[in-house]
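Undergrad: Given the structure of chain A, go ahead and fit chains B and C with the ligands onto it with the hints provided.
Chains as they are written, first to last, in the working numbering: chain A, 6 to 399; chain B, 6 to 399; chain C, 6 to 399.
Quick caveat, the hints were computed from the structure, so don't treat them as lab data.
Certain hints may be false.
In silico DSS-like cross-links for lysine-lysine, where the CA-CA straight-line distance does not exceed 30 Å [said to hold, decoys possible]:
| # | chain 1 | residue 1 | chain 2 | residue 2 |
| --- | --- | --- | --- | --- |
| 1 | B | K252 | A | K58 |
| 2 | B | K116 | C | K252 |
| 3 | B | K338 | B | K302 |
One letter stands for each residue in the lines below.
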Amino acid sequence: MARRLEEGATRTRPKLPGRQDWSSWPNYDAAAEGFRGYWYPVTWSSHVTGKPKAFTICGEKITLIRDNGTAYALHDRCPHRGVPLSLGNQQFPGTVSCPYHGWTFDLTNGKLCAVITDGPDSPIRGKVGVPTYAVAERLGMVWVYVPLAGEAAPPIDEQLPEELVDNAFVMGGRIDPRAGNWRFACENGFDEGHAKYLHRTSLWRLFKPMPVWNITRVVPEGRWIYRVQDEVHWEADFPGVGHWTGKRWWKLRPPKGTFNVGNTGTPKKVDPVIEKQGFPGFASLSMPGVLRIVYPKFIHYEFYVPVDADNHRYVGVMVNFLKGVATARFYAKYLGAIRWLFHGQFSGQDAWMVDVTDAPPEKLYRPDVSLTSWRNLAESTTRQKLAALKGEPS
Amino acid sequence: MARRLEEGATRTRPKLPGRQDWSSWPNYDAAAEGFRGYWYPVTWSSHVTGKPKAFTICGEKITLIRDNGTAYALHDRCPHRGVPLSLGNQQFPGTVSCPYHGWTFDLTNGKLCAVITDGPDSPIRGKVGVPTYAVAERLGMVWVYVPLAGEAAPPIDEQLPEELVDNAFVMGGRIDPRAGNWRFACENGFDEGHAKYLHRTSLWRLFKPMPVWNITRVVPEGRWIYRVQDEVHWEADFPGVGHWTGKRWWKLRPPKGTFNVGNTGTPKKVDPVIEKQGFPGFASLSMPGVLRIVYPKFIHYEFYVPVDADNHRYVGVMVNFLKGVATARFYAKYLGAIRWLFHGQFSGQDAWMVDVTDAPPEKLYRPDVSLTSWRNLAESTTRQKLAALKGEPS
Amino acid sequence: MARRLEEGATRTRPKLPGRQDWSSWPNYDAAAEGFRGYWYPVTWSSHVTGKPKAFTICGEKITLIRDNGTAYALHDRCPHRGVPLSLGNQQFPGTVSCPYHGWTFDLTNGKLCAVITDGPDSPIRGKVGVPTYAVAERLGMVWVYVPLAGEAAPPIDEQLPEELVDNAFVMGGRIDPRAGNWRFACENGFDEGHAKYLHRTSLWRLFKPMPVWNITRVVPEGRWIYRVQDEVHWEADFPGVGHWTGKRWWKLRPPKGTFNVGNTGTPKKVDPVIEKQGFPGFASLSMPGVLRIVYPKFIHYEFYVPVDADNHRYVGVMVNFLKGVATARFYAKYLGAIRWLFHGQFSGQDAWMVDVTDAPPEKLYRPDVSLTSWRNLAESTTRQKLAALKGEPS
Ligand code: FES
Ligand code: FES
Ligand code: FES
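Here chain A stands alone, though its shape is the one from the complex (with noise of 0.2 Å):
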């Protein structure tokens, strides 16, 4: 007969291997449409145009409007009777109006300007407006940062890769609407056990093989934590059940000892920029839900962005420290292979997971040292946020 965990049996229950709950994560476990408290990237600056639109980031519906060269937004929700502003348009400049009554708002401030149609002289006109958010575009996207309890935004490369922050570099990527929590991609992205296993398959690694599996440390270094490897197996004899390996005769053969930078062997030579940065491991996680994948001439970033509690948008960038005539060649091969193998069918295995993912209950095992380890960084980073607001004067 199936077993299912009743809610809140398990303390009392004998202990079973692996962690079963998320009750050591608390506030981990209480953010399924996101954290509160960050900038996220919503679309591509080229989408955000004098026509607003909508989206929804953590729960919270908010319309993107560009005006005048700046990107605007507000929250998408007339105070009037509840039309969504994201239906209206522009009547004046610097403003929205709503479509049903011509409310007109400052872009600037959400601030009620103009009643159209209750005259210069409206009563309500000035006292009444819609919240704003901080708006910021970085890799040709437009960024809002959502706030945790009404506090001003921080500069938004306090939380950018910091390689991305000074270095000129090109990029290429993807931004698609996925079905499942956030959470479920994110701890997807940094991972251990799947790639190995569920990617084997995939166009992408079509010529290299992947290892069987790994023995994986998680090691923190300032906001992010790395998987190192110390461990790389090719082969495995499991007793009584069979042999198993990725290896295959069309396949390059696999590298000889451990490497952590790109998951496929030591490279002769990496990247100046990327070389700079003494990455400790090739597989890096920050909050609040940003992965980096770094190979020796290019970084792999993916940010998970909550929708809400069932649905994600997956943010999927590749970035090239190039220069000059080289960025020509970087776009060529991104649009003619990487977008499709990689940034398609390789990440759509993925997105196929992320949305059958059904936990807690859950049994982990010993690669989940990632999972923990990124639950434990953002649990603990949620709890000094938490106390630090509740430190400051109100």
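TA: Using the frame of chain A, we list chains B and C with the ligands on its own:
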């Protein structure tokens, strides 16, 4: 950060401009599925035939069937095992039979008058039945009375707009299922604020400008409330924001002065039947959601029929008090233009807003005196009705 | 006004004809997802292959997979992160592997026997597992035992209709997913009342009339209950309503007298295997929802398999106790006519009613002795089962 009203939190918050919730109108607030104790138009008379059809009014499932020229309404649920009677058919004159086991109900009183599969001596015959509803036919439609507490139906003519009871007229109309609560549809209909702005782009108004804003009073008279315009403004300068007008070079000049028959100026000639009514304003509303828009030569009515909390039926009727050959001209005009422009595209803009309105919370503004007057009318009428019911011996 | 039964209000209301609710059958009332502690047919044996497939029985997710000729059933949820095992495949003989991280389970006992991505010395190996289910193959189908409280499965032959255990036979059938609760399907199958009326228009009955009404008893014998017809009426005059008959000029004359093998009259010749059973009536029912309709030359069975509270699986089987060359004739007849007319169109009318039945509340009538007898059987059988379970040392 987005502020959300917590339930019950309204009273203790500092007062913001505009009313925040519907607590001043408890009966109105509770009437999500409609006010019971009224006649409602359900469908065109020609659609009610010997084959039973299914409808929902005020959340109640009803089947309509015609027998020997008369329309009948029964609760659409066989008391045996709950199968809808509207899936059955007529096996004997004056009856409807359930499709499953042939339980047969008398159309005049809903009594189980024969049980085909249990023979003439079936012990349950005559002992059970289905509720029936009073039915009337007016304006080419079948109307059903949805009782409040089992009371007998009052004459429908007491509820119909007075001018439709004793005058000859021709009419055209449409009945459309629409998304959204019936109250938003009704409030939209009588709403002073939106028409000038929302409908500025409608083809119906292609050559006639709309005002920018008005000063409006609401005047009660009998069971109706009327919007009366004291000021009409065709241009406006919004300080620090800009100029706005509905005038265009290709549109007619706006009329001088205010007007309260039709919304396009003081007419040269008014239809004698309409003139005789002496309506104080061109837009009026009565329970349980009947809108009357008076033009010089015709009257447009809208009935907002509650289906359930999320759906209503829009019944729009255009009436012309003509006789003889003049009626042919009306039908040609209605079918050629009015039906498409007014009952179609113009009111499609309303349907769109009704579907996306989301209140409370809400913040009302000066023109919303039309909404609060309507809610007050609904509230006090219902309070009196309920008091009268309690006063009766039970 | 529509009267609705309030929950719990039944006992204090004045008694109305017919039973109102299912409070006399508490176990039956609780069995919305089916009775556990029985064997259920799931799918055709030929559909169970080396590629795992997903099924739901009694609300429980189950995956079926065949290995080396034997079918296995496992709970369809990987204990690691909740991914369905039916999305995985076989990496080693006698096992199934989860698609996400390659956790590998022994098909015979559900134990985690290898963890591909954690190597041969994975500490969690052998420590966790998935529940398994007893499996049998009968009538060309895979059957699964859904336990009540972790008990071992009894032999399936104790539950199969007795005549199918030791006799040779040929068969044809269909398995269809259907909307509606399994109890409505089961009650519909044994229901004395509806067939004569609902199926009057079915092609299967094109040339044979149906009675109007019967007087029926229900007779228990062993674990079966039988409908026994004492009177069969071919015409009826309903006082004040009209005359009704199923006879038509193009149909055969109805038979004389009553009959209890087949429903079309006393047959000239009955198959010897069928004759030997001495069935007291042509329609019989046993737990957990097995219907048997006995015709002179064949028996038709229906198994109503609970999927969840709103869906069931209809399994219809036509059996002929033939041997040798005569079997070919049966298959030709089944595929040419029976499958389409009977298992298709005729039972499609039943599927329609099962989908729209909505009870309780309900008001039962005389022929519903068939339903109440069935519910009493289900109720008392379950009461005994539960008592026996409690009496066992735990
Ligand atoms: S709902 Fe936005 S102006 Fe009225
Ligand atoms: S459900 Fe209507 S007659 Fe049986
Ligand atoms: S979810 Fe099944 S192996 Fe991880």
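Undergrad: State for each hint whether it applies.
TA: Right, here's what the structure says about each hint:
Between K252(B) and K58(A), the direct Cα distance comes to roughly 29 Å. Compliance with the 30 Å bound is thereby established for this hinted pair. Taking the CA atoms of K116(B) and K252(C), the gap is about 27 Å. The hint holds against a cut of 30 Å. Using a Cα cut-off of 30 Å, the hinted pair K338(B) and K302(B) holds, with the two alpha carbons roughly 13 Å apart.
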